[in-house]
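With chain A fixed as given, assemble chain B onto it according to the hints.
These protein sequence lines map, in sequence, to chains A and B.
Just so you know, we're using the numbering used here here: the first sequence kicks off at 1 and counts up by one.
Just so you know, we're using the numbering used here here: the second sequence kicks off at 1 and counts up by one.
FYI, nobody ran anything at the bench for these hints, they're computed from the structure.
All C-beta atoms, glycine included, are put in the ideal place defined by N, C-alpha and C.
A couple of the hints might just be wrong.
[Stated by the list, open to error] Derived, one-sided and incomplete: chain A residues facing chain B with beta-carbon distance under 10 angstroms:
id: 1; residue: Met106
id: 2; residue: Ile125
id: 3; residue: Val152
id: 4; residue: Gly162
id: 5; residue: Ala164
id: 6; residue: Asp176
id: 7; residue: Asp177
id: 8; residue: Gly193
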Amino acid sequence: MVNGDQNRAGPKKKASTRRKKAAPTGDSEMVQLLTADGERVSHPEYDVSLTDQQYRDLYRDMVIVRRLDTEGTALQRQGQLGIWASLQGQEAAQIGSGRALAKQDMVFPTYREHGVLWTRDIDPIMPFGLFRGVDLGGWDSRKYKFQMYTIVIGAQALHATGYAMGVTKDGKVGGDDGEAVIAYFGDGASSQGDVNESFVWANVYNAPVVFFCQNNQYAISEPVIRQSRTPLYKRASGFGFPGVRVDGNDVLASYAVTKHALDNARHGNGPMFIEAYTYRMGAHTTTDDPTRYRESGEVEAWRSKDPIARMRTFLERSTIGDADYFQSIDDEADQHALDLRERVIALPDPVPGAIFENVFSEASPLVEAERAEFTEYHASFEGSGH
Amino acid sequence: MMTDTLRIGQAVGAGLRRAMEDDPKVLLMGEDVGKLGGVFRVTDGLQKDFGEDRVIDTPLAESGILGTAIGLAIRGWRPVCEIQFNGFVYPAFDQIVCQLAKMHYRSQGTVPLPIVVRIPCGGGIGAVEHHSESPEAYFAHTAGLKVVSCSDSNDAYWMIQQAIASQDPVIFFEPLRRYQEKGEVDTSGSLDTAHPLLASKVEREGTDATVVAWGSMTKVAHDAATAAAEDGRSLEVINLRTLSPLDMGPVYESVKKTGRMVVVHEAPSNVGIGAEIAARVTQDCFYSLESPVLRVTGYDTPYPAARLEEDYLPDLDRVLDAVDRTFGY
Chain A
1 MVNGDQNRAG
11 PKKKASTRRK
21 KAAPTGDSEM
31 VQLLTADGER
41 VSHPEYDVSL
51 TDQQYRDLYR
61 DMVIVRRLDT
71 EGTALQRQGQ
81 LGIWASLQGQ
91 EAAQIGSGRA
101 LAKQDMVFPT
111 YREHGVLWTR
121 DIDPIMPFGL
131 FRGVDLGGWD
141 SRKYKFQMYT
151 IVIGAQALHA
161 TGYAMGVTKD
171 GKVGGDDGEA
181 VIAYFGDGAS
191 SQGDVNESFV
201 WANVYNAPVV
211 FFCQNNQYAI
221 SEPVIRQSRT
231 PLYKRASGFG
241 FPGVRVDGND
251 VLASYAVTKH
261 ALDNARHGNG
271 PMFIEAYTYR
281 MGAHTTTDDP
291 TRYRESGEVE
301 AWRSKDPIAR
311 MRTFLERSTI
321 GDADYFQSID
331 DEADQHALDL
341 RERVIALPDP
351 VPGAIFENVF
361 SEASPLVEAE
371 RAEFTEYHAS
381 FEGSGH
Chain B
1 MMTDTLRIGQ
11 AVGAGLRRAM
21 EDDPKVLLMG
31 EDVGKLGGVF
41 RVTDGLQKDF
51 GEDRVIDTPL
61 AESGILGTAI
71 GLAIRGWRPV
81 CEIQFNGFVY
91 PAFDQIVCQL
101 AKMHYRSQGT
111 VPLPIVVRIP
121 CGGGIGAVEH
131 HSESPEAYFA
141 HTAGLKVVSC
151 SDSNDAYWMI
161 QQAIASQDPV
171 IFFEPLRRYQ
181 EKGEVDTSGS
191 LDTAHPLLAS
201 KVEREGTDAT
211 VVAWGSMTKV
221 AHDAATAAAE
231 DGRSLEVINL
241 RTLSPLDMGP
251 VYESVKKTGR
261 MVVVHEAPSN
271 VGIGAEIAAR
281 VTQDCFYSLE
291 SPVLRVTGYD
301 TPYPAARLEE
311 DYLPDLDRVL
321 DAVDRTFGY
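So that you can see chain A by itself, here it is in the shape it has in the complex (with noise of 0.2 angstroms):
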């Protein structure tokens, strides 16, 4: 499915032919900066400029949080994670948005942002004991200004506006230094309540928020002719403030859409919506099987998008990055991978006991008292191999 084809009914036969017809390159109704044969082109709107530093780390970027996922990925398969879930094919999407943000920015993540963690400067060990299962993904938050994952759909973007309204209240918008919110969501997410509601609260409030929406076509399986047939980026119309499409596989576009977004949210102009269109190459988790769901063509078509791919080939072109360069890349990656698998295989199990840690600010009876007897019952096995 390529753009615009949501708004389009008909028997699937005839889409099919159209999808072949059409092409994401040049489209108007779609922002980019990169295309897909990784020509630089210019957009009348949103442009950047960056120093040939700057595109060599967007690329490193995407190669590293790609093969720390595939790593994860492989970690699962070996039986030393619960679940993954892949980002495989959105890494211009969140390495675009996320070295958008400024240091000062609040993410509120969904379950799939391991890429825009990266750009946070965070340790990528952080949400693997989330899915080794060995913890809650309980990192402190409001210190790394990257919100814990959250797997109820949508949920997350109720929390952003709620704390970009905060940010109001605390008089930290209206310049430069002024603080702006992020919320990912995917486009099943665009058919939950919640993220509605937080639409029609970020427009009354004026609150600066940017929705980042990473519309990879599939919520598991369905396609997102099931959550919407209007294209996503137009509901923001309706809800009081602007929308705009980028290609979501395209690191320059995503980048320069959302540095515009915060920038325009961090000076007090309120939210803006951006759906990132972009397709998720992999599973939804690991313990799902898109072969059941959607055609190996379609996969085909959108990986000659690729955004590596495309970003490398603009590197070679414009003579930023040599054989040499991408190799070097590829080993560094390497090395953060291997130093990941180690971590993870390493990362200790709870003990016990941590059932009964944090459920309360302040101690509730109830929970000491299950406490005491679960400690009693553990102890009794002491000494008996068990």
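Showing chain B alone in chain A's frame:
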């Protein structure tokens, strides 16, 4: 002691006012809480005095109220959310049980959510459907939430302040049909000297049977005790006050003394708080019991049409009848 005579609804409002004066981070948010002062006028005058930034009239969407309150609390504010009527809390259920209740646990203690959710609870005012429900058991079943219920003016005034001061999320039930009843409030006390938020209270001592109640049913329990006294029976009345975590100490002490217990609540009996109390008393006071713990509750039906609610709601006679039955074993 400095006292004030306040209706229960007014006492909640006075408590909110004092909490807002004491802590500039306290926010009120909900539908119609501003100019109107809430449909029960609990927040009357607060927006005028504290401004629209601290008394926030929200869009009409309960999940949105709770979800944005969570974001505000992460940011460092202390939101007090008003749910307009008991039956309207369900659209916010996911945000309460999946997000509000678990954030502290999931974050290994780094993200407390000091949020209070005020809910007018129960029926008895002749309202249309969805305005008379008692949803407390849903929330008491979820770890991470404190669930409390005030039943008189003094408790209303102090418990709301204690709930706001708590670092944990508190579901705060207000006895809708008692909002207009007056009572003495000791305004000279402090959060520390008031009866603890999480403690049940023996409100009337007796020797023959124990009646446990909370919220609007506390009055019914007292009335029953007064009526029983005329027949020569001495009932002990315990106001549970906190439904989660339960403070069973005074309940155990009482049943060990009286040997008989009746639990009264408006909510249906099936898997209700009364069942929990009966189970715990049976487990921990088995040899003190002279008869099974009985429950007097709403029926296991949807809340009926208003013209039938007096038949549905536990009243003085149903409580006395249950007390009689405990003597029949």
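A quick look at each hint next to the structure:
Contact between A/Met106 and chain B, as hinted, is supported at the beta carbon level, the nearest pair being about 8 angstroms apart and thus within 10 angstroms. The closest approach between the C-beta of A/Ile125 and any C-beta of chain B is roughly 15 angstroms, which is over the 10 angstroms cut-off, so the hint fails. The beta carbon of A/Val152 comes within 5 angstroms of a beta carbon in chain B, closer than 10 angstroms, and the hint placing it at the interface holds. The interface hint given for A/Gly162 holds, since its Cβ lies 2 angstroms from the closest Cβ of chain B, which is under the 10 angstroms cut-off.
A least Cβ separation of about 7 angstroms between A/Ala164 and chain B falls short of the 10 angstroms threshold, and the interface hint therefore holds. The beta carbon of A/Asp176 comes no nearer than 21 angstroms to any beta carbon in chain B, farther than 10 angstroms, and the hint placing it at the interface is violated. For A/Asp177, the interface hint is violated, the least distance from its beta-carbon to any beta-carbon of chain B being 17 angstroms, above 10 angstroms. Using the Cβ-Cβ criterion of 10 angstroms, the hint placing A/Gly193 at the interface with chain B is satisfied: the shortest such distance is roughly 6 angstroms.
Hint check: violations occur at hints 2, 6, 7; the rest are consistent with the structure.
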